Amino acid sequence: VRVLLVEDSVRLRRSVATALRRSGYAVDLTGDGDEGLWLAESNEYDVIVLDIMLPGLDGLSVLRRLRGAGRTTHVLLLTAKDTVDDRVRGLQTGADDYLIKPFALEELLARVQTLCRRAYGAKQPRLVIGDLEIDTIAREVCRSGEQIRLKPREYALLEYLALRQGEIVSRREIETHIYDERVDPMSNVVDSAMSVLRKRLARPGAPPLIHTRHGAGYVLKADRE
Amino acid sequence: MTTMRRRLLWTMLPAMGALLIAAGIGIYVAIRSAIETSTDAMLKSKAIAVAAIARSDGDGVAIETTSRILRDFEAPDPADADHEHHDEGDHDEGDTAYFEIWNQQHVSLTRSASLVSAHLSFRSATDDGDEADGWNTRLPSGRPGRAVSLQFTPLPMKGAPAIRTSAVWIVVAIDRHEIDVTLSTVAWVLAGAGGVLLLAMTLVVPTALRRGLAPLDTLASQASDITATSLSTRFAVTGMPGELAPITARLNELLARLESSFERERQFSSDLAHELRTPIAELRSIAEVAIKWPDARPPETDRESLAIASQLDGIVGRLLALLRSERGQLLVERQHVYLEAEIDRACHAVTARAETRRIRIERPVDHLQVAQVDVVLLRSILANLLDNAVDYSPEGGTVQIECVSKSDGFRLRVSNDAGDLRAEDVSKLFDRFWRGSASRSDHEHSGLGLSLAKAFAEAMGCRLTATLENSRITLELASNTIDP
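Residue numbers (the numbering used here), protein chains in the order written: chain A, 1 to 225; chain B, 1001 to 1484.
Honestly, the hints are just simulated from the structure, not real lab data. Any given hint could turn out to be false.
Unchecked claim - Chain B is nowhere near these chain A residues, computed Cβ spacing over 10 angstroms in every case:
#1 L12
#2 I210
#3 T212
Said to hold, decoys possible - With a straight-line cut-off of 20 angstroms between C-alpha atoms, the simulated SDA-like cross-links for lysine to any residue are:
#4 B:K1292 x A:P55
#5 A:K151 x B:G1447
#6 A:K151 x B:W1434
#7 A:K81 x B:F1073
#8 B:K1428 x B:P1364
#9 B:K1428 x B:F1268
#10 B:K1044 x B:G1058
#11 A:K151 x B:W1293
#12 A:K81 x A:Q113
#13 A:K81 x B:R1277
#14 A:K81 x B:S1269
#15 A:K81 x B:G1447
#16 A:K81 x B:F1433
#17 B:K1044 x B:L1009
#18 A:K81 x B:D1271
#19 A:K151 x B:F1433
#20 B:K1428 x A:P55
#21 A:K81 x B:W1434
What the hints assert, rightly or not - Stretch by stretch, here's where chain B covers chain A in the computed footprint (C-beta under 8 angstroms, at least three residues):
#22 68 to 76
#23 93 to 104
#24 162 to 174
Just so we're clear, the structure is a prediction, and the values are computed from it rather than from any experiment. A virtual CB, placed ideally from N, CA and C, is assigned to each residue, including glycine.
If we strip away everything but chain B, and leave its shape as in the complex, we get:
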């Protein structure tokens, strides 16, 4: 598995290694160039010094042999020369400098004693005039050397008649063994330091990454512990780095939402089971009694069984409708609907029941109130509201229906005496399977009616609200467009 840590490691380590190597090379090149520049300057000053003591007699050039300057250019001690390849010998030869002077025709005019019978290789100063530029050369002894060249016009020899002296070339060289030793030491030190750094990095970087990414590990291990049954756990926000804190906060919010929706679903399933269990228990016990004691079978058994089946059918049908509306699968067809006509129709369905309970229904008298709604959904909502009003209002009470229709929408109110409905019950009215305690045992109401009515109202762009005032409960269906 590609982990973030591994990816960072495999990006960082080669990048840092390459940077280290580049830095090492840079440092080495800078040091070499500094050493060579200073060596070249030293050679140049030697060349100038030699030039100062060179005297021309027209054709040849002679050097004042007594000059102290020439001490550097003396031939190496033969005793030391035997030990040329020994360590001590290196020093002497390393200190020895060489020069040779050529005329313009590249004919060697003179050379230092240190050269004995050998020659330096000739090379004129570069054409761009930067005469300080030295070059690497091979000394007559076969060892590598460093050389610079200079063109100068020697003074005429003392006592000689004033002659016109011509320019000559001088090449001054020294053994570059010392430079090479210094440079190779520098190179080794750099390589060593680089290697140690690289090694240290391979040890430090993973640890640093592990430390730095530890909050992620914590988050991951906390996340892996979360299951559908442990949604109440929350990620610790304190101590989280700035980058993870918002993620953790979002995750916690997500968990909270999940938990509440799981809780709702669990509650719903439990309620559903409860609602279905009682009718099933009834059906089962009726059948068992009828089988075991056929003579005890009351005449209403079959009617009862049918009633239970219809009740179960009703619960299942309403649940499906609720599910569909929650999933937005309800087909909503808005059309012009005359509200009074629909109210009349709904009232008609409950008239008989209202009369038995001596309940008076007051409905609006002015006509031609029009609303843009889905007539099927509206009928279902109205039937529900009136069923509840008639069944739950205390005997002898009044059910009042009002409706207002304006250009921006409509408002329809059904109110009745609240009876024993308490203020805290109002918020539960729309809960699935909620029924007032007194009516829980009746078979007519499944406790799904109002939640279904609310879902239907929302599906057609309306709201259904309940208010309890002056011990009257009012349910209001209103278009979302109308002012509350």
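Chain A extracted, bound-state conformation:
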């Protein structure tokens, strides 16, 4: 799940990015409104975390232009302005959520996660695929009642597939949503991640959940081929 963070404070940008990456998100960063708009328009993000006070183009203008261009990416506004007017203006411009500085990182992560889930039309925090259960709040995965430990990136991959369960998800989409610009697009990072995830999910006697569609991508579904 890929997130764009537009925040002009270097220190805040650094620690929020660390927190998001550690939670399994692919994060792109910028401290400038114009660059933020360019990134948001040229990439498929699941969530944009946008500061309002920005050098160059301010956050609300970025949001307005994005919505004007027909982009429906979920946007979480981040700002130190806390008057009702500011909040209403932010939401009216097309923001999906609003967080006032200083904030608890946990809350930011929870809100980003909720927006991600909503991006795929899921309101339930619990995703079920056959005997596989994913708790998107606790970020826990169980198969047949047995907990499976996953690394954040692996979890992010599984959650992304689960959010789009039954659909064919292309390698390109996985690259876009799970990996940020720090990953070399020419590498076979998706293939190796997928094989690791398959190994972790595999249970003796249980049918595989991840299916490969050659030349198209992957599908996560419960029924046997």
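For this one, chain A is given, so just place chain B on it according to the hints.
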């Protein structure tokens, strides 16, 4: 609560009541005196008429009984006398007049038939000679009467030898019942009219007061609606009476001033919150990441935390200094200061930074420019101006420092390339927390420096102004005494 209306009411009503009573009494006294004067004149003419028909025979006085004049002095009809106390009877007795004539020894010589066997009480005319003055007396019947007296010398009797007649006194009296009835009617009418007026006043005055003071009520109710959040309301000036219009106008001015100062304070608090929130958010997120993912803790975490703390410290320190200077609590000690020495000192502090940004600093060469200023405040101002000039001037630019010192004061200018500073930004330079958009995210400038420098300049009797010309921004510190 003592209201203006109640106070006016309690002053006006008794005052008007007292005035009414006094007027009533005055009118009554005037009417009584007029009636008595005319009665006295009538009695006097009767006395003169009787005197004209009185004839003296030396010792006694006789009246021509046939004279028509005596008709008024005849005895009342006995039939009427029985009804003396009846209403009709009053008229006859009221019309009846009495007279009696005395000699100088107060011996009764003759009297009118109406007196029958009774006497009038004797009283000579007053000594001051005003013989028309009548007096109230009691008639033989016991009823109140009005009398006048007159001294005259009767003619000798016809046919009698010419004798020397001596002066006699005549007292003429009538029943004053009619006068009293008229006077009491007047008194009742006056009292009645006065009472009605007083009653009407107690009804009309409060209403009139309420109407008259209604604008005050309006003002009060408008004023009671005003709170700190509704300072934009203004009192209606149109329709206000002349006395209240200036008050209303002053109140509106006061409200406008309050509103703008509240707005400034609100803006300031909001800016302050904003300025403090970002470093707090940074500090918080750094700590949270370090706690949650200790392995991800970057080596610079502690240095960053310290930098944020210093930044917060700087904001708080500058704010306090600003507050103190705004409250006039700054201690200003003026002394002879060599401007070049201070400029050198300030330049030295920014040299390293200027070199990294390839900025050239041009400073004055002539020495011994002296100014009468507070050296601590001057240093703070200079440091601020040079910090800004070096940090905000585009890379490779020039910062120019000039200073002039004359007998009437000094002038010190720091100018640099304006970069992307726009003309409309110049007026905002001294606003608290204002920073050019490009530099907002840097941590070195709090946006308080120039407002603080301006406050310091004002505290030591100087002015700090900014001008943008030929894409160079110039900040000028000058003594108030020197010509602009």
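Hints and how they fare:
no. : hint              : in the structure
1   : L12               : violated (5 angstroms)
2   : I210              : holds (28 angstroms)
3   : T212              : holds (33 angstroms)
4   : B:K1292 x A:P55   : violated (31 angstroms)
5   : A:K151 x B:G1447  : violated (44 angstroms)
6   : A:K151 x B:W1434  : violated (45 angstroms)
7   : A:K81 x B:F1073   : violated (114 angstroms)
8   : B:K1428 x B:P1364 : violated (29 angstroms)
9   : B:K1428 x B:F1268 : holds (14 angstroms)
10  : B:K1044 x B:G1058 : violated (25 angstroms)
11  : A:K151 x B:W1293  : holds (14 angstroms)
12  : A:K81 x A:Q113    : violated (23 angstroms)
13  : A:K81 x B:R1277   : holds (9 angstroms)
14  : A:K81 x B:S1269   : holds (11 angstroms)
15  : A:K81 x B:G1447   : holds (17 angstroms)
16  : A:K81 x B:F1433   : holds (14 angstroms)
17  : B:K1044 x B:L1009 : violated (52 angstroms)
18  : A:K81 x B:D1271   : holds (9 angstroms)
19  : A:K151 x B:F1433  : violated (44 angstroms)
20  : B:K1428 x A:P55   : holds (17 angstroms)
21  : A:K81 x B:W1434   : holds (15 angstroms)
22  : 68 to 76          : violated (count 0)
23  : 93 to 104         : holds (count 5)
24  : 162 to 174        : violated (count 0)
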